[in-house]
Amino acid sequence: SQQGEEDPQALSIQEGENATMNCSYKTSINNLQWYRQNSGRGLVHLILIRSNEREKHSGRLRVTLDTSKKSSSLLITASRAADTASYFCATCDTGGFKTIFGAGTRLFVKA
Amino acid sequence: DVKVTQSSRYLVKRTGEKVFLECVQDMDHENMFWYRQDPGLGLRLIYFSYDVKMKEKGDIPEGYSVSREKKERFSLILESASTNQTSMYLCASRRQGAGYEQYFGPGTRLTVT
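Chains as they are written, first to last, in my numbering: chain A, 1 to 111; chain B, 1001 to 1113.
Honestly, I wouldn't trust all of these hints.
In silico SDA-like pairs for lysine to any residue, Cα to Cα no more than 25 Å straight-line [what the hints assert, rightly or not]:
1) B/Lys1003 <-> A/Asp83
2) A/Lys70 <-> B/Gly1058
3) A/Lys70 <-> B/Gly1097
4) A/Lys69 <-> A/Lys98
5) A/Lys70 <-> B/Gly1040
6) A/Lys98 <-> B/Val1112
7) B/Lys1053 <-> B/Arg1014
8) B/Lys1018 <-> B/Gln1096
9) A/Lys69 <-> B/Gln1096
10) A/Lys69 <-> B/Val1024
11) B/Lys1057 <-> A/Lys69
12) A/Lys98 <-> B/Glu1030
13) B/Lys1057 <-> A/Asp83
14) A/Lys98 <-> B/Val1024
15) A/Lys56 <-> B/Gln1096
16) A/Lys98 <-> B/Phe1020
Computed footprint of chain B on chain A; a stretch qualifies when at least three of its residues, placed anywhere within it, have a C-beta under 8 Å from a C-beta of chain B [to be verified]:
17) 27–33
18) 36–46
19) 102–108
In case anyone wonders, no lab produced these hints; they're calculated from the structure. Remember, predicted model here, so these are calculated numbers, not experimental data. We put the CB at the ideal spot given by N, CA and C, even for glycine.
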């Protein structure tokens, strides 16, 4: 069963704009992770936020986590054409082993 | 840098063939995973392995088996390939523990005709 569900499914923006993607999940988690996938390639880990954290930054990425609403958001600031990819959220359960991925958001950044 | 490699980028097999997908990681990670990725369904876990010779079923193990004889290598086996196993297969590894990210290989796009 899918745990994380991303919203929107697809997003198209102009270079320089910010991109926001949301993720909702159903059960208690140990942490939530965001990954990026370029077309036809494997996933690359972007950022991990633990259940006791509310916000985390990494370069142009900002992730928030609201455990009361069981939701997370990924903000990419000042987007570039090279940010065009699919973005997945993934939750790791409190048991600590299984990581469950959502279906992803496809981001297209127009130059 | 962690490196996860998969034996093939593209593979075409016939229905009924036995198919081996190999995954190797070079960072001494305890945990390894096999996923399949289909449009609109995200990644679905087929099998995972805590450590050498240990394996656990994921969400969709039917039609698959795995082997982990050495720590660095995790093999996915399709005993008798079927057309509904046409998919992208992704291998990943992770250090033991919940607080670590997974490192993915480049994927194998398998077509069963």
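Pairwise hint evaluation, glutamine 1096 of chain B against lysine 69 of chain A, where the allowed Cα distance is 25 Å at most: violated, 29 Å
Are lysine 1057 of chain B and aspartate 83 of chain A close enough, with their CA atoms no more than 25 Å apart? violated, 34 Å
Three-residue Cβ test at 8 Å for the coverage of the segment 36–46 of chain A by chain B: holds (count 6)
Assess, step by step, whether the Cα of lysine 98 of chain A is no farther than 25 Å from the Cα of phenylalanine 1020 of chain B, and give holds or violated. Measuring from Cα to Cα gives roughly 24 Å; hence the hint holds.
Holds or violated: lysine 70 of chain A and glycine 1058 of chain B, Cα atoms, limit 25 Å. Distance ~23 Å between lysine 70 of chain A and glycine 1058 of chain B Cα, so the pair holds.
Would the pair lysine 98 of chain A and valine 1112 of chain B pass a check requiring their Cα atoms to be no farther apart than 25 Å? Violated, at about 28 Å.
Has the given pair, lysine 69 of chain A with valine 1024 of chain B, been kept, meaning a C-alpha gap of at most 25 Å? Given that 25 Å is the threshold and the Cα spacing comes to 39 Å, the pair is violated.
Given hint glycine 1040 of chain B paired with lysine 70 of chain A - CA-CA distance at most 25 Å: holds, 22 Å
Check the hint pairing lysine 56 of chain A with glutamine 1096 of chain B against an upper bound of 25 Å on the C-alpha distance. holds, 23 Å
If you draw a straight line from the CA of lysine 98 of chain A to the CA of valine 1024 of chain B, is it 25 Å or shorter? holds, 20 Å
Given the hinted pair lysine 1057 of chain B and lysine 69 of chain A, is their Cα-Cα distance within 25 Å? Violated, at about 30 Å.
Claimed coverage, the segment 27–33 of chain A by chain B - three or more beta carbons nearer than 8 Å: Three-residue rule met by the segment 27–33 of chain A, so holds; n is 3.
Checked against the numbered hints given earlier, this structure breaks hints 6, 7, 8, 9, 10, 11, 13; the rest are met.
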